[in-house]
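Participant: Listed below, chain by chain, are the residues.
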Amino acid sequence: MIILFVVLPLVVAGLLPLAGKASKRLLPDLLANATLLFLVAYAAVAGRALIADGPVLQQTTWLGEALGIRLVLDGFSLFMLVVVALVGLAASLFSIDYMEHYGAKGNFYALYLVMIAGMNGLVLASDLFAVYVFLEVAAVASYALVAYGLGRDELEAAFKYLMLSVVASAFLVGGIAVVYGMTGGLDFAAVAMALKELNAGPALAVASALFLLGFGLKAALIPFHAWLPDAHPSAPAPISAVLSGLLIKVSGVYALTRVFLNVFGLTPALSTVLLWLGAVSAVAAAFLALGQKDIKRMLAYSSISQVGYVVLAIGVGTPLGIAGGLFHLFNHALAKGLLFLTSGSVQRATGTRDLDAMGGLAKRMPVTAATNLVGALSIAGVPPLNGFWSKLIIIVALVQAGHPVFAAVAVLASVLTLWYYLLMQRKAFFGRLNETWAAVREAPFWMTASTVLLALLCVGIGILFASTVTTWVRPAADVLADGIHAVAGSWGF
Amino acid sequence: MTPKMLLLPVLLPAVLAVALLLLPRALRLVRDALAVAGAGVLLYYGFLFFSVKDLRYAVPWLGMGIDFDLRLYHFSSFILLALAGFLFLIAVYATVKMKDAPRGREFMAYVFLTAAFANGAALANNFVPLVFFWEGLLVTLYGMIAIGGRPTSGRTAVKALLIAGFCDFSLILGVGLLWSVAGTATMSEIAVEPTGLAAAAFVLMMIGAAGKAGAMPFHTWIPDAAVDAPVTFMAFLPAAFEKLLGIYLLARVSLDFFKLRPGGAMSVLLMIVGAATIVLAVLMALVQKDLKRLLSYHAVSQVGYMILGIGTAVPVGIAGGVFHMINHAMYKSGLFLSAGSVEHRAGTTELKKLGGLRRDMPLTALGFVVCALAISGVWPLNGFVSKEMVFHGALETGYTVFAVAAWIGAIFTFASFLKAGHSVFFGERTTDVPEVKESPAAIVLPILVLAALCVLFGVYNKLPLDRLITPVVAPHAEAGAHLDFTGHALDLFNVVALISVGCLVLAFLIHRHGFLKGGRKAYLASEPFHGLPGIRQAYDLAEKRVFDPYEQGVKALQGLSLALYKAVDRPIDFVFEKAVTAAGEKFTGILKKAHNGHYANYLAWCLAGLVILAGAIGLLAK
Amino acid sequence: MILQTALLAVLVALSVLAIALKDLLRSAIALALASLVLGIVFFRMGAPYAGVFEISVVAGLITVLFILTIALTKSGDEVRESKLANIVFPVVFVAFLAIDALVMKRLMGKVPALARGGEAGTFGEVLWKGRTLDLVGQIAVILAGVFAVLALFRQRDKHE
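Protein chains in written order, with the working numbering: chain X, 1 to 493; chain G, 1 to 622; chain Y, 1 to 160.
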């Protein structure tokens with residue numbers, strides 16, 4: 001019943017506004033978090049057993065008649081489902097306390113669950129057009145969520161986000177049209193097989209460019225990044241966490257890799273373009289993060305940089321590179337989610353996002369400071385945290401694939417990352433307590449609890465990295481490393 | 001003894017670290033007892049492992065050549081034993097010295113965590129666990145400096161972490177390159193010629209190893225940390241642990257992984273790094289006015305001898321470098337601990353304020369003097385023996401210039417220790433420091449133990465040379481070559497030794513001249529040299545950190561960041577920004593300006609991007 | 001064929017006008033006309049359902065909404081822009097058209113033409129049998145839209 005990943009959040013989302021009428025807080029909190037908890041449990045516990053004998057293809061039936069709903073669960077989609085559910089759960093736990101001030105919690109959770117459903121649908125979809133549709137589901141929900149605070153900045157950021165996103169969608173539809181025109185199908189399997197027969201290099205180049213531009217905008221790769229540093233900081237903290245931690249990865253990186261590696265097949269040309277896009281994003285955005293004074297903007301630029309890292313690794317195309325990239329995607333989702341949540345705690349406690357105005361908050365908010373440190377060190381790649389392993393694997397993979405220059409670039413980006421995170425930690429939490437914050441108190445229970453949950457995951461995965469990689473990352477990387485065979489052979493209905 | 005036992009040196013300190021962190025402040029005595037007992041157990045096992053010498057614990061980990069692989073052999077067992085010994089002494093010392101420190105509990109935990117990582121790094125036989133343990137040391141390095149409690153501690157901690165981080169990332173890159181060249185990540189199976197890509201790998205790994213040991217130009221955090229971090233930390237990490245690990249890895253890199261040839265390019269490169277480090281750092285040390293800062297510059301300078309020794313790639317030089325590593329760890333640790341003892345009682349380590357402490361603190365003074373003589377290479381202490389070996393090695397390669405550099409280093413080392421010892425323990429009492437007592441036993445004992453070891457390793461140098469050093473060098477010497485390094489160990493009547501002694505005499509004369517010229521004030525003894533034309537200006541620039549690659553790098557990178565932001569990000573954002581305000585005004589009326597040119601520009605941007613991408617992919621596909 | 005080409009050219013021209021026109025009302029009307037032409041193109045290419053939706057929803061309903069919004073929003077002062085900014089789009093657009101014309105014909109010639117009408121059946125059948133998942137997606141989009149409206153036009157809580 002893998003369609004549950006899409007339908008359950010949608011159904012609960014439909015119920016939530018009604019529930020919100022009945023009880024302002026308790027019922028929406030309970031329903032939304034229980035749904036996500038269920039998804040985590042389902043994906044993490046049952047998922048492995050489901051795909052034990054290869055990918056699961058599900059053809060839904062309605063009153064005995066086959067319907068046009070075809071979902072596929074393989075190693076890669078299961079991996080993404082786990083990531084989405086985990087970070088989604090943490091952010092929604094955080095919302096229990098954080099969204100108190102915003103009001104209309106039922107509506108908030110409803111939008112939130114629609115966004116989750118959109119991401120899950122995208123991950124499970126088995127044809128190009130469905131990818132587009134679910135991309136839009138998640139995007140439409142996210143526009144509203146960015147604007148949720150209703151302040152001027154939020155509305156403007158949401159609008160900017162909307163306008164740029166629409167252009168991305170237009171390019172995607174264009175790409176899908178070209179592919180449909182060439183192959184007459186939309187199914188991943190059908191397209192992959194048809195493209196293999198068809199020797200349509202130049203037309204495929206146009207389609208690739210359209211997809212690259214569309215997904216690149218969604219993933220905020222440089223130079224398509226300008227919307228992200230406005231949109232992500234303006235949103236409420238749990239939404240920033242999900243946007244940076246999940247949405248850019250699912251609608252950008254996941255879709256991009258699925259289409260390019262499994263459907264089109266990674267050609268050397270594509271590989272080169274991906275390597276360059278990734279490397280430029282990783283380094284340039286790291287430099288840009290260094291200059292930020294606003295804690296959430298710094299995190300937003302860091303997201304661009306880390307997505308660049310992931311794309312760089314996947315662009316290598318070797319099994320080790322892909323595994324490293326996916327592992328980094330996972331680690332970054334956890335750590336960046338964590339950092340946006342802690343920045344939310346700080347913003348709620350102090351009312352500011354300006355790093356220069358903070359200082360010494362560790363004395364007032366020890367748990368937040370500690371979890372923030374874990375997240376920062378994890379992304380910066382300091383052992384024994386999870387981010388260290390993924391960066392190590394990526395660098396080794398780059399060297400082994402014969403790209404020592406890109407490896408050096410990755411190392412440079414790592415050093416820069418370490419630097420700006422230390423800067424952030426020192427300015428915000430260490431040093432002398434700024435007198436203004438003498439009365440600041442630690443964040444409420446659920447906010448700290450969710451950050452502690454993510455921090456523990458970062459540490460735990462860092463220590464148990466070998467089993468994490470073999471259980472979750474390797475099956476996903478294998479699917480991608482198989483290239484079009486993973487789809488063309490076994491995905492027929 | 002089963003292979004699984006190899007996990008003990010890694011896991012026991014890690015568990016202890018957590019336990020020490022969790023024990024409440026009220027149970028300080030329990031905490032201290034636990035720390036000392038734990039360190040004692042580790043020391044016991046250090047001896048045990050040293051007697052076993054051959055053990056391997058390997059379990060498959062990730063596949064693709066990544067295994068959890070620990071290997072005990074003579075070199076790693078030697079390092080393991082040394083690490084355990086220092087850990088024990090530091091643990092004893094810290095029970096008193098860190099008693100009233102505001103964050104002493106964290107300090108103890110960090111010490112044991114460091115020990116866990118260091119033991120792991122020494123035992124690792126696969127690059128991935130090696131890098132893991134190696135990088136883990138970053139965390140504790142940062143933590144131990146950050147808890148120094150001074151306003152600039154945080155800044156220094158960041159500096160240390162970034163420099164060390166840079167070196168570590170170089171190491172990773174080098175490991176990656178070597179891995180792809182050699183085709184395996186198992187360290188004991190690697191031996192390649194340092195040419196081509198492998199030469200790049202060698203340089204990168206050398207940066208990683210020498211940077212950990214604190215060689216120039218990766219040393220600049222050490223003098224800062226001497227002021228900002230607890231002095232126990234200085235005796236522990238920069239003086240002992242980091243030297244042991246850095247030089248251990250450097251020796252592995254230049255002897256095992258790469259086949260270094262005497263006189264080859266890589267060998268000369270190493271010798272240049274070593275010689276430059278010796279001379280430049282010792283010149284900085286000479287003019288320091290604070291005992292801890294002075295010592296810290298020596299901690300850098302002495303690394304030069306080890307690198308020079310290993311870089312010669314001749315057996316006697318390598319043996320000298322490795323022997324110097326263990327000797328240096330002993331006397332430099334002893335010196336820092338004595339400085340800590342002085343600080344403990346007198347409350348300051350500024351040379352100007354101290355004087356005549358030999359009567360108040362005779363045992364500390366004794367320890368300091370022995371260690372200072374050892375580091376200066378005075379006969380018959382251990383420093384003399386290892387330095388002689390390095391001199392011989394350098395001469396053997398035919399590059400006399402490096403031997404000269406090493407002798408220059410010896411002159412100024414002795415001169416600066418004459419100045420330091422004279423200022424602190426001899427001469428007249430100053431009024432800045434009231435009557436003080438000798439420090440408690442827990443502080444004095446480790447100093448005396450280290451001093452005694454300095455004497456032992458000097459006078460009875462056969463013991464360490466035969467038991468510790470020869471097995472390390474033996475596999476790298478030509479088959480059948482006669483390996484006896486004890487031959488001219490304490491021999492005074494050969495040219496090399498006579499020049500060395502001449503250097504010491506010269507140093508004494510320099511000190512005496514400065515002392516008399518500075519109005520019989522020992523702390524001014526280096527002023528005549530300091531005042532030479534050209535030299536003062538160079539020192540002033542150095543004090544302003546003009547030569548500090550970190551500070552200059554920070555400036556340059558910040559400039560680059562700003563430039564990128566202004567020149568690249570903002571223009572891109574301008575297009576997008578205008579697009580939004582324009583569109584936003586149109587449809588929502590948030591802003592009351594009606595213009596729409598820029599959204600069109602944004603679309604134009606995307607269209608152009610599309611054409612370029614399609615062209616690029618099309619072209620590349622051909 | 002000539003009529004088809006002419007219609008497509010008009011469509012592109014109207015779309016460009018919708019972007020480039022300074023006056024919002026005219027811009028909206030240009031957009032409506034573009035949708036109308038697109039609807040006609042759909043009809044001519046044998047996609048009546050798409051044509052009906054395009055004309056009724058996009059050309060009709062959305063345009064009405066636009067015009068209502070514009071009428072409700074007071075127009076402000078014109079903002080002066082640099083001349084340079086104004087010529088970027090025309091220049092790039094013309095360049096794009098030129099490249100498009102040069103490359104596409106050759107490119108498409110290389111792709112084998114598809115057999116016409118691969119999926120037979122009525123619109124309803126196609127949607128229900130072939131693309132049910134998209135319906136789920138559509139429901140989700142509509143849900144998101146409704147919740148967005150609810151959320152963005154909600155009464156703020158009293159304490160704020």
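These aren't lab readings, by the way, just hints derived from the structure by calculation. Positions of the beta carbon are idealized from the N, C-alpha and C atoms, including for glycine. Worth double-checking, as some hints may not be accurate.
[Stated by the list, open to error] Computed list of lysine-lysine pairs in DSS-like fashion (alpha-carbon distance at most 30 Å, straight line):
#, chain 1, residue 1, chain 2, residue 2
1, G, Lys-353, G, Lys-566
2, G, Lys-289, X, Lys-293
3, X, Lys-363, X, Lys-293
4, G, Lys-259, G, Lys-352
5, G, Lys-99, X, Lys-363
6, G, Lys-517, G, Lys-544
7, G, Lys-521, G, Lys-352
8, G, Lys-517, G, Lys-99
9, G, Lys-259, G, Lys-353
10, G, Lys-521, G, Lys-99
11, Y, Lys-105, X, Lys-196
12, G, Lys-289, G, Lys-352
13, G, Lys-99, X, Lys-293
14, X, Lys-293, G, Lys-544
15, G, Lys-555, G, Lys-352
[As the list claims (entries may be wrong)] Some chain X residues flagged as far from chain G (calculated, every beta-carbon gap over 12 Å):
#, residue
16, Gly-14
17, Leu-27
18, Leu-30
19, Ser-208
20, Arg-364
21, Ile-394
22, Arg-441
Participant: Now look at each hint and say whether the structure bears it out.
Facilitator: Structure-based check of all given hints:
no.: 1; hint: G:Lys-353 - G:Lys-566; verdict: violated, 51 Å
no.: 2; hint: G:Lys-289 - X:Lys-293; verdict: violated, 38 Å
no.: 3; hint: X:Lys-363 - X:Lys-293; verdict: holds, 21 Å
no.: 4; hint: G:Lys-259 - G:Lys-352; verdict: violated, 49 Å
no.: 5; hint: G:Lys-99 - X:Lys-363; verdict: holds, 22 Å
no.: 6; hint: G:Lys-517 - G:Lys-544; verdict: holds, 27 Å
no.: 7; hint: G:Lys-521 - G:Lys-352; verdict: holds, 9 Å
no.: 8; hint: G:Lys-517 - G:Lys-99; verdict: violated, 42 Å
no.: 9; hint: G:Lys-259 - G:Lys-353; verdict: violated, 51 Å
no.: 10; hint: G:Lys-521 - G:Lys-99; verdict: violated, 35 Å
no.: 11; hint: Y:Lys-105 - X:Lys-196; verdict: holds, 22 Å
no.: 12; hint: G:Lys-289 - G:Lys-352; verdict: holds, 7 Å
no.: 13; hint: G:Lys-99 - X:Lys-293; verdict: violated, 39 Å
no.: 14; hint: X:Lys-293 - G:Lys-544; verdict: holds, 27 Å
no.: 15; hint: G:Lys-555 - G:Lys-352; verdict: violated, 34 Å
no.: 16; hint: Gly-14; verdict: holds, 28 Å
no.: 17; hint: Leu-27; verdict: holds, 33 Å
no.: 18; hint: Leu-30; verdict: holds, 35 Å
no.: 19; hint: Ser-208; verdict: violated, 5 Å
no.: 20; hint: Arg-364; verdict: holds, 17 Å
no.: 21; hint: Ile-394; verdict: violated, 10 Å
no.: 22; hint: Arg-441; verdict: holds, 23 Å
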